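Engineer: Sequence:
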Amino acid sequence: MTLNERDPLIDDLIEGSISEADFFKLEAEMRVSSEARHAYYSRLKLTDSLRLESSLSLEEESDKIVSIWSGKFSVLAGIAAVFAVVFISTYGLKSSLEDRTNDIAAAEPIATGYAVLAEQLEAVWVNEPNLDRGDLVPQGPLQMESGLARLELFSGVTIILEGKAEFEINSPMEMSVLHGKIRALVPTAAHGFRVLTNSGDVVDLGTEFALNVTPEHADMHVLDGEIEWHPNAKQKQHLSNGQSLRWTAGGNPESVAFEPSQFPGLADFERRFVSQRLQRRQAWSDSAAVLGNDPRMIAYYPMHQSNEWGRQLLDSSQSGLNGTVVSARHDADRWGQSGSALNFSPAGSRVRVSIPGEHRSVTFYCWARIDSLDRMYNSLFLTDGHELNEPHWQIMNDGRLFFSVKRRVAVPGSGKDKQIAYSPPIWDPSQSGKWLQIATVYNVDEQTTTHFVNGEAISQDRISDEYIVDTVRIGAASIGNWNEPTRGDPNFALRNLNGAIDEFAIFSGSLSASEIAELYEKGRP
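Just so we're aligned, residue 1 is where the sequence shown starts under our numbering, counting upward by one.
Rather than coming from a laboratory, the hints here were simulated on the basis of the structure.
Please read these numbers as outputs of a predicted model, since none were measured by experiment.
Among these hints, one or two may not hold up.
Stated by the list, open to error - In silico BS3-like cross-links for lysine-lysine, where the CA-CA straight-line distance does not exceed 30 angstroms: (1) K418 with K522; (2) K522 with K416; (3) K164 with K418; (4) K164 with K236; (5) K522 with K164.
Produce the entire structure from the sequences given, and follow the hints as far as they go.
Structural biologist: So, in structure tokens, the structure goes:
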């Protein structure tokens, strides 16, 4: 980008009049050009010095910044301000404005990436095996051995990728493809989107194109609109709707048949995705019917029950320990089926249950969607109060799983009444709205508490002799909340889960790691 092209865009950005398309062009330039970042920062610093007085309090400063940036492109301008913070941090400037801005930035959650994995169909990721639907696409080279994936870039570009593929998302406006087939749908705001290959670069002029990249050649098909092909060391070429071109590794153009059917489109992807989901949901439903008859099952609450169940949650095990729904509302389950989950976000939400009997070891298991962790303690399953021999299962506000069984009133000299098994953090704000399989196994015989997420053990705590409880009792309890809290502090009094649950089970005994992994494979959407 030349100086004459860049500087007017910077001025438009600071004035709040920049178009979305120009914003993304400028963003890409700033990421690769230190000169562009210097120019932007110099103009921004001048603007801020005219706007702010050194005596302004942080609150007053924030109010003024908000008023300056209000308008049609306030969101874009706010994002652009992040570039200034990054630049300031990089070069270690010590102005009071920088210090205040960095304090604000440090308090905000941070996520890394330029795109989201929106959906996938039997995708096998080589170097990111745990990459799942809803995840941010990691930075760096990625390899997909097989399957289909739909990526949504932050610029609005949609990419349908077919394996085998090797690629990298460089920015919201750029990706590299070493190998594989892609279909790109580019909205007006992202015109100028660029795909880099070993043979050259494709620049979109709107609105849809497809590529098949191999070590021998790069095939281009313009499905709608126009593209520019910038081959290495050769003059650019212009292709429009219905045209195709093959460019060999040797730098020579060849004709290739225009074959849009070779590249799955959004409608085809959605059709195949819905079909796969329905099949997987039916397979899970069949396995859930078998699971309910497991002799170890204390209580089992799959929540895909008909609307006729009202405010009663039926126990699908042989125990018949039906629960009562309080305040929680119907929500979509992990397959997107409406009315097949319970959302516990409304104040007071819970499912009231009463679980009789005594159990030597127990396993708690659920599928949960966490929207936020805005309580100090966020309930999965809590007994009323917290009496001797009773378990508590919840999530801390920092994302750690918490499990304990109360051993005694207090241990002399320490005040401890139980041993708490914490997991590493299993959740952060970037996972908001994502479904997780969560399980905890309390094994008396081995004196361990083991936490599982998505079929894998993530931590195991050894229970000391003084805290082992060999007879677990439950009694009256709540799914998704806590009843009869004894403290007046609202951080403790409010424990309802801000999210949804669509399957919940309690087993008498310790499920093995392989059994939990099998449940995950059968139940994952």
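Engineer: Decide, hint by hint, whether the structure agrees.
Structural biologist: Each hint tested on the structure:
1. K418 with K522: 35 angstroms, violated
2. K522 with K416: 40 angstroms, violated
3. K164 with K418: 51 angstroms, violated
4. K164 with K236: Answer holds: K164 to K236 is near 28 angstroms, not above 30 angstroms.
5. K522 with K164: Within the cut-off at roughly 26 angstroms; holds.
Comparing the model with each earlier hint shows violations of hints 1, 2 and 3; every other hint is respected.
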